[in-house]
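Generate coordinates for the entire structure from the input sequences, incorporating the hints supplied.
The listed protein sequences correspond, in order, to chains A and B. Per numbering that gives the first Met the number 0: the first sequence ends with 485, consecutive numbering throughout. Per numbering that gives the first Met the number 0: the second sequence ends with 111, consecutive numbering throughout.
No lab work stands behind these hints: they were computed from the structure. Mixed in with the good hints, there may be bad ones.
[Unchecked claim] Among chain A residues calculated to face chain B with C-beta under 7 Å, some are:
#1 Ser-53
#2 Asp-62
#3 Val-65
#4 Ala-312
#5 Thr-313
#6 Asn-320
#7 Ser-354
[As the list claims (entries may be wrong)] Which stretches of chain B does chain A cover? Using the computed rule of at least three CB atoms under 8 Å from a CB of chain A, they are:
#8 37 to 49
#9 91 to 100
All C-beta atoms, glycine included, are put in the ideal place defined by N, C-alpha and C.
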Amino acid sequence: MVSMIKEIDCDFLVIGSGAGGAVAFRELAMAGKDVLLIEEGDNWEEGDFDAPVSELTQKLYRDGGVIPFLGKPAIGFGEGVALGGSTVINGGLLWRTPEWILDEWQKRGIEGYTMNHLSPYFDEIERSLNVSNELEIDGYDIDSQIINQSAIDLGWKSVRVPRATRNCSRKNQCGAGCPSGAKQSVDKTYIKSGIDYGGRLLTGIRVINLNKKNCKIKSVVAKNLKISEKILFKCKTVFLAAGAINTPLLLKKSGLSAIAGSQLQFHLNLKVFAKFPNKINAHKGTIFTRQIQEFEKEGLLIMGTNYSPSYIATALEHLDNEQFNKYFNMYENSAMYTPMIKPEGTARIIPFFGSKIIKHQLHPVHDLNKMRKALDVTSRLLFNAGAEVVILPLANSPIVMSYSQALSVINQTNISQYKLLSVHAMSSCGMGVDSYSVCDTDGKVKGTDNLYICDASVLPSNIGESPQGTIMAFSHTIVNHYLNTE
Amino acid sequence: MYLLKKTLSAIVDLELENHRNINEFDRRGAVEYSINALTLMPWFFRYPLSLITIFINLFSLFLNRSMFFKMSVNDRAMLWNKLAGYPGFQSLKKLIRTLTLMSAYGQYDKRN
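Structure (structure tokens):
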């Protein structure tokens, strides 16, 4: 039972410690401000990540990682809840926003976010997170090298992936916390640095409500999850970075925006399993060293993914036990690949008796065609690379042994058959200049004077690429604009 | 809770049948893992899924005059696969199978 009420004062309160919140925290602390960062999850050290992937998933993902987006079909969704947010459980991909996306945003009247504006911030982020695209080692990472060679043969664009790591020891467990400490998540970098500059941090704090009076957020009500104590944060300015799901949820629950969360955008991941004639030992490499970008403008990217027994088991879940055993035991000859799709459909976040329901609406024709194309080109890429068997993420479909067989299966699929996952949600409170935008181009929530959003929810639209770099660059822009005009 | 645990344990047994890499420790871990996952869910997922799981025993009582977890493996598999064709049970099967395999093979990974 929540009993006592404690009051904590600060000038700046940052809610959420993921990619966006960490930047706001460090920048404000560096500017000498009295800033407090609060995070719902715990502070984990690399030693804590030496446990089975399944256990870590329950600890590090919101709701244990099993809450889906409802709709046809249900989409598994994963979001980190830890100090560092989803940067603790992502692959550490750090892309600069594609310029054609920035051009689209500028055409919509969103000023101040061209590559010229963002470049200095990207430079700073890449420096702080030790971003490099020179990760491959001879004899390792063969799963990525195979698709790179296949893409070259097919004349498709393939690039090295920039990732935030330092001395990666190839534990192949990026999605459940890095046990070697190589991944440069924001808890190890930006937040640590913010604390060094004098910023304060509290973990295990869940925000319940934002109290507004005369266009100003006067206080924030939260609960200390460790000792069941209510806390009232009294602050002058709030930077909200609770993530693409919880930021709009908080705005809605606090009566600050009726439209927040009505147009959540996301990416879809499919897991494709491939068996090759020779040993490739994908589990001894690291993930995502190469990305196939030939179909980027159609909203499709292809790359290798984490390969360990837990991940294989979930990818092969739709096979019967006999087939599962057969292909699982071909471990050393196999790998898994992820085509990532930018769908046209969106999702809606609905507060529901103290929790939330997320309901998606994929486009029945366009998104089905995108999924078919994703499996089509991935199959082509893999069979061209010498795969003997490809297992598609489709319920009630045969295992395919050739590209032509794959094509015939894919062309007959319906949307319900697809096994879909998402780990990238964004644009649920997109900034803009029209009346339908939740916040203006400074990140300030409309109808308030001292509430700013600086996480994935503020992105104007789906960027089609891993969003961590873009979120961080946007957060830098929002906070520095605030500091310059204060 | 007792009934839920016994029924889930019987389902986990079916989902791990013939998995030669998996031992009794992994199996028990998978049961605990599935129960934990249910506990972590918001109430509007947790209660219906738990009720559906317990409800399986009503079918088994009606069809075989036996609780689901006391049925022979073959009868249990037949009933479980039949039920999995219906809405609600279909989602339950997918969820428990995913959790079971993820947990059991996570333990297997650490052991090797």
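Consistency of the hints with the structure:
1. Hint status for Ser-53 (chain A) relative to chain B: holds, with the closest Cβ pair at about 4 Å, below 7 Å.
2. For the restraint placing Asp-62 (chain A) at the interface with chain B, the shortest Cβ-Cβ distance is roughly 6 Å, inside the 7 Å limit, so the hint holds.
3. Satisfaction of the interface hint for Val-65 (chain A) is found here, the shortest Cβ-Cβ separation to chain B being roughly 5 Å, below the 7 Å cut-off.
4. For the restraint placing Ala-312 (chain A) at the interface with chain B, the shortest Cβ-Cβ distance is roughly 4 Å, inside the 7 Å limit, so the hint holds.
5. A hinted interface residue such as Thr-313 (chain A) counts as satisfied when its beta carbon comes closer than 7 Å to some beta carbon of chain B; here the least separation is about 5 Å, so the hint holds.
6. Because the beta carbon of Asn-320 (chain A) sits about 5 Å from the nearest beta carbon in chain B, less than 7 Å, this interface hint is met.
7. Because the smallest distance between the Cβ of Ser-354 (chain A) and any Cβ of chain B comes to about 4 Å, under 7 Å, the interface hint for this residue holds.
8. Here's how the segment 37 to 49 of chain B fares: 6 of its residues keep a CB closer than 8 Å to some CB of chain A, so the rule of at least three is met and the hint holds.
9. Residues of the segment 91 to 100 of chain B with a Cβ under 8 Å from some Cβ of chain A number 6, which satisfies the need for three, so the listed coverage holds.
In summary, this structure violates none of the numbered hints.
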